[in-house]
Structure formats: C-alpha cells, structure tokens
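Participant: The primary structure of each chain is shown beneath.
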Amino acid sequence: MEIEPARPIPAPALAPPDLSQVGPPSSPLPLPKIFANDPAPPTLVTQGAEALLYRTTYLLPSIACALKYRPSKPYRHPILDARLTKHRILSEARVLVKCRKEGVPVPAVFALDEKEGWLMIEWIEGEVVRIRLNEWLQRRKEEGEELRARHEAVLKGLMARIGSAIGRMHGVGIVHGDLTTSNLMLRGGSEDLLADDKILEGEVVLIDFGLASQSTADEDRAVDLYVLERAFGSTHPRAEGLFSELLVSYGKSFKGATVVLKKLEDVRMRGRKRSMLG
Amino acid sequence: MSLLETVQLEHLPPGYDISLALFRNVKNSAFLHEQLLAGNTEFEYALIDASVLVSRVHALAAVYRAVSDLLGGRLRSRNVHSEIVFSLSPNNNIAESFRRFGITPATTSLLVIKVSLPPSSTTDTSTASPLSSPDIQAHLAANIEGDSLPFTDASIASLTDVARIKKIYKLNSGGGAKKTKGAVNGAGIHGGNEDGNNQDEVHELEVAVLGAMALRGSNN
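Chains as they are written, first to last, in this note's numbering: chain A, 2 to 279; chain B, 1069 to 1288.
Derived from the structure by calculation, the hints contain no laboratory data. Even glycine gets a Cβ: it sits at the ideal position worked out from N, Cα and C. The reader is advised that the hints may include incorrect statements.
As the list claims (entries may be wrong) - For lysine to aspartate or glutamate, the following EDC-like pairs were computed, each having C-alpha atoms within a straight-line distance of at most 16 Å:
hint, chain 1, residue 1, chain 2, residue 2
1, A, K34, B, E1274
2, A, K102, B, E1274
3, A, K116, B, D1137
4, A, K102, B, D1268
Stated by the list, open to error - Covered by chain B, according to a simulated footprint, are these stretches of chain A (three or more residues, beta-carbon under 8 Å):
hint, stretch
5, 71-84
6, 210-221
7, 269-275
Chain A with its partners taken away, still in its complex shape (with noise of 0.2 Å):
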C-alpha cells in the first residue's frame, strides 16, 4: 500500500486577534449613567476595591462635588448584586446624613440613585492627612531639624484635632471602620502648601464611610482608634511618638470616651480580632 505522500497542511490563516472579544488590556472603567449626557467624559480622582470616585458637578458648574460610584460586580447574582449595592450607598449615605447634622466634620450628601449605584456628596477641597503630614515631615528631615519646641507643638495640634474629630463621631453613635490617614482630610487649598506653617492647619474632615457603622459598642470605638494607631505606625513611624496627644484629646471628646481608652489596652494586648475562644 502506498503511503500517500502528507499533504502538506494549510496553515490556518491566522485570524488577527479580535481585540473586542479578548479585551484591551486596560479595560475601560464603567460609567454611571448620569455622566451620559455630559460632553466631557468626568475625572476619576481614585479607584478602591468597591467604588470608583469621580470628581463632577452638582446642579450648576459652580458647584463641585465627588461621585462615589459602585459599579455592578459580573460575577455577583444580579439580585444579589443590586441588593449589596442598595445596601451599601444607602448606609453610607444615612451615616454622613447623621454625622453632619449632628457637628461631625464629614462631607454633605448631595444625591443618591441606589439603583444606578452612585452617591454625590460634598467635594472637599484640601489634601488627605497622610500625604500633608509626610511632606511636613520631609521637611523637617531636610532642615536636619529635630521634632522639638515649636515644630512638636504644631504636628501635637493636629493630632489633637484629629483626636476631638473621631471623638465626636464616636459621640454621636457611629463607628468609622476604616480609619486611616488616607480616610482624613484637612481642607484648604493648594497655596496653603506654600506657607510652611500652614501645611498641618485646615479643619480635619473625615472621609470614606464605606465601612461605616452606627455603634456604640466600646469594642467597635476602640478598634477604630487601634485601626488608626497602626496606621500612624506604619504610614508615619516618626509620629508615632505623639499619637498619645490624639487619645488625650479624643479623651476629653464625649462622655464615655476613657472607658473606650482602656478598652483600647485590651485591643492592643490581641490585636483588631476579637478571641473566639470563650
């Protein structure tokens, strides 16, 4: 039997890729509807695991605010989903609802669609703590300047405003969560960069509820300060040193805050997670 001589295969003409059906290496980030109608596409200021931040308008061009927006998650059950969603803008939403009402330095809330899955809120103009506090204290690290006298009373300030801020959300029944450095902002602008003095002032404003709660458990108000002490720790070991003026201030804050203080020696002693055992 003759073998037949193998054809040679064709090549299959190689189909260039269908950059549709893969997908663009950056995939395109969702947009809410409400941005649907606008010329110009809106600035995404930060991206966190759940929610998108844009910063737009509220009503009138002159009137800046910043659009939380928690896109649907593909690989949720639709119900479930827009369930979760619901859930979170509309608790977040009562949260910074109560917390300004009640004196609470938070951003206002502007508009919600918990459907579409976006809240407007208050855009606040000024820099988060984290990145204030790292340059100031850059610029003590260049002047060869120790930490002493004049410069420790101002870094001490802060820290005490911080403290009174936290305190008074404590105060009014709401635990942050999620209290970083990142999380607090001082406002004001830019150009109070320039002036030296003036980089650690502003009023401080706390930010992003997302994992927000209304508590008055002792517990949930000192791991918020743990969760922050670490924090300091870790962003800012230079600081660290006066994170004791924040708790002396946050002491004085409400009625019930040094009961929260020695509590915050138990956490300290095991850590943010509560023992299972017994």
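Assemble chain B onto chain A, guided by the hints.
Facilitator: For chain B alone, coordinates are given in the frame of chain A:
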C-alpha cells in the same frame, strides 16, 4: 413683568430648560390652587410655597431629582411638575408633600417652576409643546397677582420660615451640635469668621435638607 430666570442643570440632557420665577405678596393663591386641582393644562407648573425653601440649591435639587426620575421612568406622582413638589419631601407621603411644599389658598410667597422638555421627547404628551421664555413670562404676568422678586438666595432667605423647615425636616434634635463643632477643630484656624455665622447656619440647614431629600423614605 415677572423676573423669569432660566437655567440648565448639570448631567441632564440638552433641552431641559428650567424656568423659575419668585413672587411675594401673592393675592390669588386660591385661584392658582384651584387650577392645579382642576388639572388645568395651562397651569403646568410646579407651584411651591417659598416659605419652606432654604435656597436656590434647595429648589434646584428638587428639580434635578424630579427630571432624573422622569428620565428614568420612575415618576411617583402625576407629572414632572408635581414630582418637583414631591421631591422636596423627606418621606414618601405624596399628599402630605403637596400640603407642605405646594401652593395652598393661604400661600403668599410663591416659587413657580416650569420644566420645558426638548421637542423630541414630546411625542407622548400632547400638551407639552415647548413654551418659549417670553410665553411663560407673559402667562405668569397675566395670572399671578403678586410682586416679582429675583430668584436669588437673598430673596429666598427673606421669605424663609426657618422654624417650619426645621419642623418639616425634623432638624431640631441636633440643636446643640452646632456650638460644639467649632471645638472639634480648635479656634482660630480659619481666622476671624464671626460675621459668617449666620451664613454658616443657613448653609448647614441647606445641607441637612439636601441630605433628607436624598434619603427620602429610606431613613430608619
């Protein structure tokens, strides 16, 4: 002649022109109220009792909410104009919102709002032919017996009944909060800002009201 102002709101499609006119010493509220009850299509306005308004933004927020709900097919009341009145409400009771925020025979201060829909969207509503600003102006001048005021924060503030607003939006609980707020961030950070106290108060009232409107019916 009435001082009619026309604005367009952010994020709404082009063509949704919002016309607003503010009046005080209105004498024919009973007549206007009757036109609404009778469903007279010549009076397709949101007629709002201006004494329960805090500011321009307060009114515009209600318009934005109503037009958004119209576009999203989520109107809860008869049309976009009644929806504006309902959008001012902190709860889901439509009839109550009309009594509180809408015109009543006793109303003396009045904000009139007209939403003009773009020509393309009027296929389903026979009466909603877009009116030009002079048409609206003429109609208001002929039918509202009152003194026209510019639609500014200052004019609105002169008509505002703060106590009533606080009652409607349940804002009396946090009365003492304001005083302690300054203490949170220490004194003197913003320099001498004592003159701005009243303005601050109005601003905080506005913020509280916007929050209550945004959370309409979902509070607990």
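Participant: Can you confirm whether chain B covers the stretch 210-221 of chain A, using C-beta to C-beta distances below 8 Å and requiring at least three such residues?
Facilitator: violated (count 0)
Participant: Quick one, are A/K116 and B/D1137 close enough, alpha carbons at most 16 Å?
Facilitator: holds, 12 Å
Participant: With a C-beta cutoff of 8 Å, work out whether three or more residues of the stretch 269-275 of chain A approach chain B closely enough for the coverage to hold.
Facilitator: violated (count 0)
Participant: Would the hint linking A/K34 and B/E1274 be met if the CA-CA limit is 16 Å?
Facilitator: Violated - the C-alpha atoms of B/E1274 and A/K34 are around 27 Å apart, more than 16 Å.
Participant: Within a Cα-Cα threshold of 16 Å, do A/K102 and B/D1268 meet the stated pairing?
Facilitator: holds, 13 Å
Participant: Given the hint that A/K102 pairs with B/E1274, test it: the Cα-Cα distance must not exceed 16 Å.
Facilitator: This hinted pair holds, its Cα atoms lying about 11 Å apart.
Participant: Test coverage of the stretch 71-84 of chain A by chain B using CB-CB distances below 8 Å; three residues minimum.
Facilitator: violated (count 0)
Of the numbered hints given earlier, the model fails hints 1, 5, 6, 7; all others are met.
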